[in-house]
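**Q** Residue numbers (this note's numbering), protein chains in the order written: chain A, 613 to 906; chain B, 173 to 506.
What the hints contain is simulated information worked out from the structure, not anything from laboratory work. One thing to keep in mind: the hints can contain errors.
What the hints assert, rightly or not - With beta-carbon atoms standing in for the labels, derived distance ranges:
1) B/N254 with A/L844: 34 to 42 Å
2) A/L719 with B/Q459: 28 to 36 Å
3) B/E255 with A/L752: 44 to 52 Å
4) B/R180 with A/D743: 46 to 54 Å
5) A/L844 with B/G191: 28 to 36 Å
6) B/V279 with A/D743: 52 to 60 Å
7) A/I720 with B/G206: 27 to 35 Å
8) B/L428 with A/L820: 26 to 34 Å
9) A/S793 with B/S200: 50 to 58 Å
10) B/L428 with A/D735: 46 to 54 Å
11) A/L844 with B/T188: 36 to 44 Å
Glycine is no exception: its CB is placed at the ideal position from the N, C-alpha and C atoms.
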Amino acid sequence: MALIATTADDTLPPIASPVIRFATFVRRNPTILVGAALLVALIAMALAAPWFADDPFRQMPINRLRPPSERFWFGTDQFGRDVFSRTVYGARVSLIVGLAVSGLASLIGLAIGLACGYFKGIDGVIMHVMDGIMAIPSILLAIALITLTRPGLGIVIAAIVIPEVPRIVRVVRAVVLAIRSQPYVESAVAGGTRTGKLLARHILPNTLGPLIVQATYVCASAMLIEAGLSFLGAGVPPEIPSWGNIIAQGRTFFQIAPWTIFIPGAFLAVTVLAVNMVGDGLRDRLDPRLARRM
Amino acid sequence: MSPLLEVRDLQTHFFTRDGVVRAVDGVSFELTRGETLGIVGESGCGKSVTALSILRLIAPETGRIVGGSIRFGGRELTTLSNEEMRELRGRNIAMIFQEPMTSLNPVLNIGTQIAESVVRHLRLPWRAARERAREMLELVRIADPKQRLGEYPHQLSGGMRQRVMIAIALCCNPQVLIADEPTTALDVTIQAQILDLMLDLKEKLGTAIILITHDLGIVAETCERVFVMYAGRMVEQAPIASLFAQPRHPYTRGLLRALPRADTGSDPIGARPRLTEIPGIVPALTQPIHGCAFAPRCSFAAERCRASPPPLMEAAASHLVSCWETARVAEAVA
Numbered sequence: 613m614a615l616i617a618t619t620a621d622d623t624l625p626p627i628a629s630p631v632i633r634f635a636t637f638v639r640r641n642p643t644i645l646v647g648a649a650l651l652v653a654l655i656a657m658a659l660a661a662p663w664f665a666d667d668p669f670r671q672m673p674i675n676r677l678r679p680p681s682e683r684f685w686f687g688t689d690q691f692g693r694d695v696f697s698r699t700v701y702g703a704r705v706s707l708i709v710g711l712a713v714s715g716l717a718s719l720i721g722l723a724i725g726l727a728c729g730y731f732k733g734i735d736g737v738i739m740h741v742m743d744g745i746m747a748i749p750s751i752l753l754a755i756a757l758i759t760l761t762r763p764g765l766g767i768v769i770a771a772i773v774i775p776e777v778p779r780i781v782r783v784v785r786a787v788v789l790a791i792r793s794q795p796y797v798e799s800a801v802a803g804g805t806r807t808g809k810l811l812a813r814h815i816l817p818n819t820l821g822p823l824i825v826q827a828t829y830v831c832a833s834a835m836l837i838e839a840g841l842s843f844l845g846a847g848v849p850p851e852i853p854s855w856g857n858i859i860a861q862g863r864t865f866f867q868i869a870p871w872t873i874f875i876p877g878a879f880l881a882v883t884v885l886a887v888n889m890v891g892d893g894l895r896d897r898l899d900p901r902l903a904r905r906m
Numbered sequence: 173m174s175p176l177l178e179v180r181d182l183q184t185h186f187f188t189r190d191g192v193v194r195a196v197d198g199v200s201f202e203l204t205r206g207e208t209l210g211i212v213g214e215s216g217c218g219k220s221v222t223a224l225s226i227l228r229l230i231a232p233e234t235g236r237i238v239g240g241s242i243r244f245g246g247r248e249l250t251t252l253s254n255e256e257m258r259e260l261r262g263r264n265i266a267m268i269f270q271e272p273m274t275s276l277n278p279v280l281n282i283g284t285q286i287a288e289s290v291v292r293h294l295r296l297p298w299r300a301a302r303e304r305a306r307e308m309l310e311l312v313r314i315a316d317p318k319q320r321l322g323e324y325p326h327q328l329s330g331g332m333r334q335r336v337m338i339a340i341a342l343c344c345n346p347q348v349l350i351a352d353e354p355t356t357a358l359d360v361t362i363q364a365q366i367l368d369l370m371l372d373l374k375e376k377l378g379t380a381i382i383l384i385t386h387d388l389g390i391v392a393e394t395c396e397r398v399f400v401m402y403a404g405r406m407v408e409q410a411p412i413a414s415l416f417a418q419p420r421h422p423y424t425r426g427l428l429r430a431l432p433r434a435d436t437g438s439d440p441i442g443a444r445p446r447l448t449e450i451p452g453i454v455p456a457l458t459q460p461i462h463g464c465a466f467a468p469r470c471s472f473a474a475e476r477c478r479a480s481p482p483p484l485m486e487a488a489a490s491h492l493v494s495c496w497e498t499a500r501v502a503e504a505v506a
């Protein structure tokens, strides 16, 4: 016995220093790192906006439609507003929408998905409802919701959450169905574990990997839908500088002032790319089996 | 002494698209305190379903207990509420499964998984439960239990995981431990260690064991009484010595003859006699079986074997057999 114990100790891998562990992590996960670095930069930019960007609402009629220059890095729009400040502030809207939608959709989707996967009685009904929601074009649903209420950031978030929930539900339900037939769930039941505890302790933790991955995709898609809605005039109120709004307002002057469209567009693309890179990286790390199937 | 667990005419059926599968069709047995009972039979004969039925773990969407009674310590289990049943599982009757590799939750450490059951059933505070978990690991002879408590299942070998499963099953001192092919997935040296451990713990804790296996060798080494199943029915039940010395049912006889033996002589060139297989296949359980289920494969089968099911008869002292032609079988063996 003592011999076994000592050899077990000896064979334990030495614990590497944090620096070395970080270096190894970087080498193995370049996608996560690049995506995360971009995201951190964007979040920092959005948070620090008041300290380095001008007032995004200030109109300077004398400086209308100026091309990018040393004074106006990204040029100005048709009201003489600084496109740089507007783009920087616009990051706030996109990030808030992305985080709020993925957070809310994950919570709601997780609850519904767990219930559907575990309780067979309600599974059929709820999954049909989810299929129904998925069949509604999300832009139309959002436009309908916004026409029924006052436009605002909260309504936009709600309007995007509703069509995104089924995507989370499907992933969570699939994982729960796979896990509930695992022998360890069976043995937990045989050990007298209560249903609530079974779900919380044995099933839920195993759904988190796929859930996090799916949440990043929902986050990216929410940012795109928000920009689309704002562009159509059905998103955040036009006075708020969101990337979709900036593009919509610059549309009429596209031919003489393309920077009013390209620059927020490029920011949107990079942000979505960064989120997707983090998502892809996490998928490879957290869920190698799913990665091969997708 | 009254039996601890008494199963009478248990019938568990599954309702499939192809019809009703009579997975367990009239099984009766008793288990006394501290006894080791073996249930043997080939794959699909209803051994595991019998075990799952005792704990009422048959998924209600697919099947249910349609008849018979299961009495445990004077309480009828088939009519217990779900909540009472949950209290009993793990506390009074515990079960360990075949697959030690997947029977532990991969995201919780070993200590938590043992302690959780202790907290659940013995209502001990978390700290005491953790201490109990350490004692249990020591009891199942895992080296360095204190360190192992914090480890996760993937850090343990198959044999160690099965030890942990045993620790979880026994941590609340259940009166009955149902072991469903506990050693099938393990290699032979580990098998012996695990069986040894189970018997040793049985002596220490006084737990009665129902050992489900298809390996008659394991039964011979560990059990006091054995019960042979075929096509959802019980064909023979006997004390171990009596069964191996004189099997009374043609199926049991066939099983024993299919077993390699060390004591049979080899011929001059050292070759051993060919093992005898049982001809035919297990009947489909979706069709009602008139008569004896084994009759189509039985060399002793007579007219009445196909006509009506044989009753359970006491062929010798506490040696029960369900066969019309048992007298002829006994003659042929002797």
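**Q** Which hint numbers doesn't this structure obey?
**A** Of the numbered hints given earlier, those the structure breaks are 1, 2, 5, 6, 7, 8, 9, 11, listed in rising order.
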